[in-house]
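Participant: Sequence:
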Amino acid sequence: MNHWLVKSEPFKYSWEDFVKEGKSVWDGVRNYQARNNLMAMKKGDWVYFYHSNEGLEVVGLAEVSKEHYPDPTTEDPRWVVVELIPIRKFTKTVTLKQMKLDERLSNLALLKQSRLSVTPVDKPEFDIIMSLTE
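Just so we're aligned: 67 in full-length UniProt numbering is position 67 of the sequence shown, and the numbers increase by one with no gaps anywhere.
Hints listed in this document are in silico derivations from the structure and should not be mistaken for laboratory results. Built from N, CA and C at the ideal position, the CB exists for glycine as well. Treat the hints with caution; some may be incorrect.
Cβ pair distances, simulated, as ranges [as the list claims (entries may be wrong)]: (1) P77 / D127: 20 to 26 Å; (2) S65 / N36: 35 to 41 Å; (3) S106 / G22: 33 to 39 Å; (4) M1 / R104: 16 to 22 Å; (5) Q98 / E75: 40 to 46 Å; (6) T74 / R104: 36 to 42 Å; (7) N36 / E9: 18 to 24 Å.
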């Protein structure tokens, strides 16, 4: 199993919107590295849902329910989507500030490639972030 983090601006698409829909097609990714990350996602992988621009925090856990296929929002065959389902909202969110201050997370892709909307999360990093939600 691999682990990931996806970013969404809550004023455009929040965790609450995601839960209300019950699933989401993760579309609109137009960066090659983020696209490659989408293509590497496998059904059953866990995904942190991160509110960007507002909140700046990991708010919940999702799961990949369908692996990549062509992005239906464009005719350009280079772009793909995956489908995600919500697993649970965190009672205690993990802020960007907390992650930046935690030396164990110094190599976290979110911190190294802050503009990337889909990033991998190593298993140790995933476990550290999960422990901060409890």
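Participant: Mind listing which of the numbered hints don't hold for this structure, in increasing order?
Facilitator: 1, 2
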